[in-house]
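> Given only the sequences and the hints, what does the whole structure look like? Please build it.
Chains as they are written, first to last, in the numbering used here: chain A, 1 to 328; chain B, 1001 to 1256; chain C, 2001 to 2290.
Just so you know, these hints were derived from the structure itself, not from any lab.
Watch out, some of these pointers could steer you wrong.
Unchecked claim - Where chain A lies over chain B, by a calculated footprint (3+ residues, C-beta under 8 Å):
id, stretch
1, 1068-1078
2, 1088-1097
3, 1124-1134
The beta carbon of each residue, even a glycine, is placed where N, CA and C say it ideally should be.
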Amino acid sequence: MSSNDLSLPAPRRDLRVLFGVALAAAACIAPLFLGNYGLHALIIALIFLLPAHGLNLLVGYTGLLSLAQAAFFGIGAYTSGLMAVRFGTPFYLNFLAAGLLAGAVALPLGIPALRLRATSFVMCTLGFVIIGQAIAKNWIGLTRGDMGLSGIPKPYFALGPASFTVSGTVSFYYLVLAIAVIATVAVYLIVRSAAGRNMIAIRENETLAESVGIPTWRYKLVVFMISAAFAGLGGSIYAHYLTVVSPLTFQMYYSTTMLIIVLGGGAGTISGVVFGSLLFVGLSEALRIAPEVRMIAYGLCLLALVFWFPKGFAPLMDRFWSFLKERK
Amino acid sequence: MTGLPILEISGLHKAYGAVCAVDNVSLHVDRGEICGLIGPNGSGKSTFFDCATGLTRPNAGTVKLDGQDITGWSLNRIAREGRMLRSFQKTVVFGALDVEENLVIAGQMFTFPGLWSTFGIGAAARDRVVALRERARELIKIAGLWEVRHQPAGKLSGGQQKLIQFASMLMPEPKLILLDEPMAGINPKLIERVVESIRLANEKFGVSFLVIEHNIDVVTDICERIVVLDQGRKLAEGTPDEIVHNQAVREAYLGG
Amino acid sequence: MLTMIAEQIVNGIVSGSVYAIVAVGMTMIFGVLRAINFAHGEYYMLGTFGAWFAIEYLELPYPVAIVIGVAATAVIAVVVGQFVMQRIVGAPPETGVLATLGIALVLQNTVILVFGGGYKFFSGGYIEPVSIFGFTLAEQRVLIIIVCMLVFVGLELMVTYSRFGKAMRAVSQNIECCAVVGIDVPQVALRTFILGACLAALSGVLTAPVNVSVYGGMGEIITFKTLPVIIMGGLGNVRGTFFAAMILGIAESLVATYVGLQFRDTVGFATLMLVLMWRPHGLFSMQARF
Chain A
1 MSSNDLSLPA PRRDLRVLFG VALAAAACIA PLFLGNYGLH ALIIALIFLL
51 PAHGLNLLVG YTGLLSLAQA AFFGIGAYTS GLMAVRFGTP FYLNFLAAGL
101 LAGAVALPLG IPALRLRATS FVMCTLGFVI IGQAIAKNWI GLTRGDMGLS
151 GIPKPYFALG PASFTVSGTV SFYYLVLAIA VIATVAVYLI VRSAAGRNMI
201 AIRENETLAE SVGIPTWRYK LVVFMISAAF AGLGGSIYAH YLTVVSPLTF
251 QMYYSTTMLI IVLGGGAGTI SGVVFGSLLF VGLSEALRIA PEVRMIAYGL
301 CLLALVFWFP KGFAPLMDRF WSFLKERK
Chain B
1001 MTGLPILEIS GLHKAYGAVC AVDNVSLHVD RGEICGLIGP NGSGKSTFFD
1051 CATGLTRPNA GTVKLDGQDI TGWSLNRIAR EGRMLRSFQK TVVFGALDVE
1101 ENLVIAGQMF TFPGLWSTFG IGAAARDRVV ALRERARELI KIAGLWEVRH
1151 QPAGKLSGGQ QKLIQFASML MPEPKLILLD EPMAGINPKL IERVVESIRL
1201 ANEKFGVSFL VIEHNIDVVT DICERIVVLD QGRKLAEGTP DEIVHNQAVR
1251 EAYLGG
Chain C
2001 MLTMIAEQIV NGIVSGSVYA IVAVGMTMIF GVLRAINFAH GEYYMLGTFG
2051 AWFAIEYLEL PYPVAIVIGV AATAVIAVVV GQFVMQRIVG APPETGVLAT
2101 LGIALVLQNT VILVFGGGYK FFSGGYIEPV SIFGFTLAEQ RVLIIIVCML
2151 VFVGLELMVT YSRFGKAMRA VSQNIECCAV VGIDVPQVAL RTFILGACLA
2201 ALSGVLTAPV NVSVYGGMGE IITFKTLPVI IMGGLGNVRG TFFAAMILGI
2251 AESLVATYVG LQFRDTVGFA TLMLVLMWRP HGLFSMQARF
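Here you go:
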């Protein structure tokens, strides 16, 4: 006895691929339509997408609320900036080092932090951001304190004798776009793997997950580190884009923004996070909304999310995908 | 009744402050046996399970699984390496996932060699998942959940969730399953199906069982041997016949 | 040398009093609503702004400004309490975190939007120095210590003898039984919240003459300093919070003088982090105890 999903009266068209291609095309030719400011908004949105993906793995898939993304974002930004300024290393090295260092720092921080209960864990993650800022402000020998690092060079790539510097907004856009696409694919692969399923299991019922052999504590630690690495990578691009890094990179503001992207876009979905970044960050940048107004909007969003829309835009996205899949 | 018992627990002791939940209890389960654990409410049966499966740390005692000392092992290690699984009194499933996914997850850590391998995207990982899905579908058919297999487990009835829970435990080919009141809250019509499933698993797959249960009819029906706990202590042990006629047991249940 | 240290300790007691008044409100809110109020510092800020507004624009004397500051905060607290805080009772911990974070964002940025982000000068208060036990302090600082004592004595009496106090203790100990016994849990939650917010506002108004500068973002630092105090004092533990606040105040003062001013604001959270990572059960009892 088996049910045949294909026994339908009329053939349905799967428009998902078409949509994907259209989206890719739009992304590639965006510079033709958007002015420099529009591109800037997109770049910022794509930069924030990386730490948001990381946070999504932590919050959306494993069920761990964390405010620490800003801390690892800052670590990544400083690592990349310092390497570029002090050693003149090419971008890809700074980029990778930022991600690796952020992920590595997450290990000794995560081990004691993950023993805590939910509320204490959240506070501990907040503490990472606060302590991170304090270190950035006071370790003047390394970070130049409040003055920060400036003059971080634009990313450059060297292949033998040929070298290429990403100097204009347009080329930076393509660089970030490529990185964002790779990151999204990477997260998609993680989520579809057996590990991704185990993460969801931990989120749904931790004890039950344990009882089927899942080492929940180790998974939480690994996801915490992966999430931190993503934040670090995002921080690296941020540093090279702004060309300055300061202790202000370690601010609750960034953690909150990433939280809005994930929760508002749809925690536990990949398309939701992409959409969330474009909507909450890209749009607010493009419309040049004043920072205070933006934060008020974020605050109201958080309240709306908590009480009325716990899944954010996810249900809408689900319906959109189903619509595309079956063309009803 | 081959030599070495599959589960051997000696001197298990768990006290919460002045209250002694499990008082120096020893029992064993023979290979291929279905053993029952009964006792009035509050006699320490669930705490006993919690200690044996690593959910709680006992104050004293040893637990040996198939000859190996697993005392102090964590819940997930006992499941994964020891292949001793347990069910929970309150039926739990991974609510947001569908039935098939629930079963696939239940089998994953037993086919993947370690945490890092679960992140794999290569052919090996895919093959493992394909095999898991096939096995899951078999079990879903046996459990009679085929029609609902793509529904989120959280939306199914209590009885269906119990079947999911039971099928989950058969995914990895376990050595021993500890059932915590499997008949609780089940529609009487489904009781027969659960009993059949236990027998099937025992006879066809060779799984040993230790079952906590209040339904005396079921216990006397499927268990070859019964252990009785009262106020944390082992009161009696024997065949269903012996237990039913045991004076002390009758008093514990009826008196006090 | 000794007088120097003694002076720092007295300064520390003053800061400690400020923290204590703010923290006791936050810990009571946790005890009853089981929610960490991430917006708590904003009520401190609102009280300060209310008083500043009264002095700058309404040209009212300082004592009246105190009342206005607290009253304005109370009004806002009623609204927030009715629409948000009451819904947090009984919800999972994430709800409280996210909701209060949202409130903090809204309150903080609305004030910045309305009044501008710059620093404002607070001109009221009793800043004349007075001599007590050989120490010379601004009168305002003495006032802070006195008010702190009064607040704690008052709370102790209220919690032990008043009907509301008993209801608070009941809700914090066993929320399910309260409905059975006839306690209106949402009302108790609302009133506890308003009380806590008003205490924070009072602390802000009293401290404004000493700190002098008033700005929209000032609440955030207060929240960050109060969190360690309530955790280490024991969530829901009024007496423990008092001692933790005093210890923080004195520690900050000593660190500022002998280690470096730039480290003063980090003492609280750094200590909290150490405690959380090495002794997750805090220094005092964690059981909700009034």
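> Now tell me, hint by hint, if it's right for this structure.
How the hints compare with the structure:
| no. | hint | result |
| --- | --- | --- |
| 1 | 1068-1078 | holds (count 4) |
| 2 | 1088-1097 | holds (count 7) |
| 3 | 1124-1134 | holds (count 3) |
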